[in-house]
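J.: Following the hints, put chain B in place on chain Y, whose structure we already have.
From first to last, the protein sequence lines are chains Y and B. Just so we're aligned, residue 1 is where the first sequence starts under our numbering, counting upward by one. Just so we're aligned, residue 1 is where the second sequence starts under our numbering, counting upward by one.
Hints in this document: simulated from the structure, not taken from any laboratory. C-beta atoms are modelled at their ideal positions from N, C-alpha and C, and glycine is treated no differently. This list has only true hints and no planted wrong ones.
DSS-like cross-link-like pairs, simulated, lysine-lysine; straight-line CA separation at most 25 angstroms:
{"hint": "1", "chain 1": "Y", "residue 1": "K60", "chain 2": "Y", "residue 2": "K154"}
{"hint": "2", "chain 1": "B", "residue 1": "K169", "chain 2": "Y", "residue 2": "K338"}
{"hint": "3", "chain 1": "Y", "residue 1": "K154", "chain 2": "Y", "residue 2": "K53"}
{"hint": "4", "chain 1": "Y", "residue 1": "K238", "chain 2": "Y", "residue 2": "K20"}
{"hint": "5", "chain 1": "Y", "residue 1": "K238", "chain 2": "B", "residue 2": "K238"}
{"hint": "6", "chain 1": "B", "residue 1": "K407", "chain 2": "Y", "residue 2": "K9"}
{"hint": "7", "chain 1": "Y", "residue 1": "K288", "chain 2": "B", "residue 2": "K279"}
{"hint": "8", "chain 1": "B", "residue 1": "K145", "chain 2": "Y", "residue 2": "K342"}
{"hint": "9", "chain 1": "Y", "residue 1": "K227", "chain 2": "Y", "residue 2": "K279"}
{"hint": "10", "chain 1": "Y", "residue 1": "K411", "chain 2": "B", "residue 2": "K318"}
{"hint": "11", "chain 1": "B", "residue 1": "K338", "chain 2": "Y", "residue 2": "K411"}
{"hint": "12", "chain 1": "Y", "residue 1": "K360", "chain 2": "Y", "residue 2": "K227"}
{"hint": "13", "chain 1": "Y", "residue 1": "K338", "chain 2": "B", "residue 2": "K411"}
{"hint": "14", "chain 1": "Y", "residue 1": "K315", "chain 2": "B", "residue 2": "K411"}
Some chain B residues near chain Y, calculated using beta-carbon distances under 7 angstroms:
{"hint": "15", "residue": "V101"}
{"hint": "16", "residue": "N241"}
{"hint": "17", "residue": "R270"}
{"hint": "18", "residue": "T291"}
{"hint": "19", "residue": "E302"}
{"hint": "20", "residue": "D306"}
{"hint": "21", "residue": "P323"}
{"hint": "22", "residue": "L343"}
{"hint": "23", "residue": "M344"}
{"hint": "24", "residue": "G406"}
Protein chains: 2
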Amino acid sequence: MAVNLDLRKLQDIVNENEFKKLYQNGLAYAEEIEKDSSIGFTELPETLEHVNKAKEIADKLPENVDTLLVLGIGGSALGAKMVRDAFQNNLTKKLIILDNVDPETIYSVASSMNPEKTVINVISKSGTTVEPISQFKFFFNLFEKELGEAETLKRIVITTDREKGVLRKLADEKGILSMEVPANVGGRFSVLTPVGIFPLQYCGIDTKSLVNGALNEKKEGADKSVKGAVLDYLFFNKGKNIKVMFIYSDNLYRFGEWYLQLFAESLGKRFDRDGNEVKVGATGVLAKGVTDQHSQVQLYKEGPEDKFFAFFKIKNKKDILIPDSLSEYKELSYLNGKTFSKLMDAECEGTMQALENDGKPLILYEIDELSIENMGRLIYLFELQTAICGYLYNINPFDQPGVEEGKIIAKRLLGYN
Amino acid sequence: MAVNLDLRKLQDIVNENEFKKLYQNGLAYAEEIEKDSSIGFTELPETLEHVNKAKEIADKLPENVDTLLVLGIGGSALGAKMVRDAFQNNLTKKLIILDNVDPETIYSVASSMNPEKTVINVISKSGTTVEPISQFKFFFNLFEKELGEAETLKRIVITTDREKGVLRKLADEKGILSMEVPANVGGRFSVLTPVGIFPLQYCGIDTKSLVNGALNEKKEGADKSVKGAVLDYLFFNKGKNIKVMFIYSDNLYRFGEWYLQLFAESLGKRFDRDGNEVKVGATGVLAKGVTDQHSQVQLYKEGPEDKFFAFFKIKNKKDILIPDSLSEYKELSYLNGKTFSKLMDAECEGTMQALENDGKPLILYEIDELSIENMGRLIYLFELQTAICGYLYNINPFDQPGVEEGKIIAKRLLGYN
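Just chain Y, same shape as in the assembly:
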């Protein structure tokens, strides 16, 4: 199996009957979610429509482009970032994803930019998000000054709603290339829409494999997603309000970032579907193996009993031998003949056992290799898991009412009414 879920010693910690009952509920929810046509992310693995559309758009863009600048934030950025950083060696163009409005970063990106050889992809589902809009005004101005309006317009791709918002209007009136975010897919579930597919594919990532991985995972059934959702729900209810994602892979690390925004925004909710105040949602924490063994593990092992752990490891990694150098120092020799891969695996297992010895609940995801196909699998597995967990909580995992107030205050402070 491409992604394996090992529940380790959880059977000693979790009540079997309680788990079974929740598992059955979770399976039913999975079916409900996958059948509900108002929920779009479950349909995305079934179609190559967005892959084909991305190719179509790419064919219309100028030749000799070596850089894609993505202007987007939150879900519109993290999906592409995760795949980009996992498969850096596959990139055929530089992929810059600007997901903040920090002037220091904008200045630094602008300073090293060659508009002639750059395409801008501005992404905002609503077409009104202040960060990509302000970035877009800035880079449009920069490009226009250097290339003139006509050449600038040729170097823009807009990803937004089919009908609504100023970006759609702009695309229509100025004849700018554009793609649509399906109305039934929220930003944080949008990596397999043009939001993620276009930037990745344009920069050389095999997005067909990505979509195909998601499809294969979907076909395998919801078992892993349901188990994960049940455990997320169960441990939160047992007072473990922190979920640690412990990722033993540099290249997979940003998958954790992507997942944690999905997890936080989907499950952190004040009211349930019946209007009762519930204030649910565990807080996700990202740790990198083996690095964070040297700091966070102190807290994980000895601190409060408030954590649930999900470990991630890649089974097949590059086999690099730790060479028999400086062999006259016998203190250095215990690693001779071992590979870095073995060392990393031993440290992962050592850390898991040390936590288990103290009764900490942990599960292990073992990914047979870090391929684009498996990344597609992880995307679907965890999107579905997050949605199921929302149903177990009886909350809506697809809205985000809590992010509005801060935006309104910020606009007021900027003098906008």
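T.: Just chain B now, kept in the frame of chain Y:
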């Protein structure tokens, strides 16, 4: 003031008498810590010894070096990483910090390496840490094959204990350049020792300003550190087991990573000084403003009442105007005449107010500008705060018994006895 701490509306949340009493205790602890000669980090701002030593070592290294490869992990890596990433424009050499044993990363670093123009700095206080030792064996071998042993030895700098460990032995017997980690400074408090000073200074960072900043902060007194420690202690005891560091600056972001390892390893403890089982320690979470407003803030605003927030903003940033481009679209015009700096500040304030409106406890650190001197201030401020907080908990903030068991199991799995 260079770093200002604003307690915002905390007076409505925190009991005044309780706070005052703890504040007095905290002040006394600060004095005790600064006077205790067995605690070394408080002395580091007072000396330029390590800055001078770093220069002395640099003068003995080959010319034409363009890359420094640091092999270290945990506290031996995160301090230099934080400063490097905040001041990337100041670097005169490429500074690669390899703080994991992931074979994919090691392969990728090795593939792009030119040993002729590279210096290796291997850092391990004990001289036995498995990760830098295994990396060192690998890169020693790689360099030796290409340059021969004599030229390789010229390109190594060892940072380790004055007497103990195989790295010290190696330095002495092979005549390798070396520096000492003071015995009374633990890894996570070591950024102002040769552990952090040498790599940064060798790559062009003005470490004198860094040390000087720490000294200026120390001279200003412990007020901010004590307040922060009291709040960390108080909110944890009131059931807020999560501390969110919300950093409104791309360049300051890794300061959060550095701080969270210090925070976790120092304060996550099972037993107090009297041997009672206490299991204390909040879990730190890092958020980036404005980016994470689009995901985490949903959880922060609507989820459980289990969080305490520390916001960080830089007062003086680059002033880049959001230009009046695409002016025919009035929906895009509300940002005309605003700067990205103003936008970022408004979003920060909007987010803080939205959380405060729901009674969430938050404080704000305002840094007048992101200078090396201010980074030195932050280092001292938060090291002292962490130590004081440990004293309030009545635990030892300077040990880390919880990281040992995993290491022992890992070694056993590797067949080492």
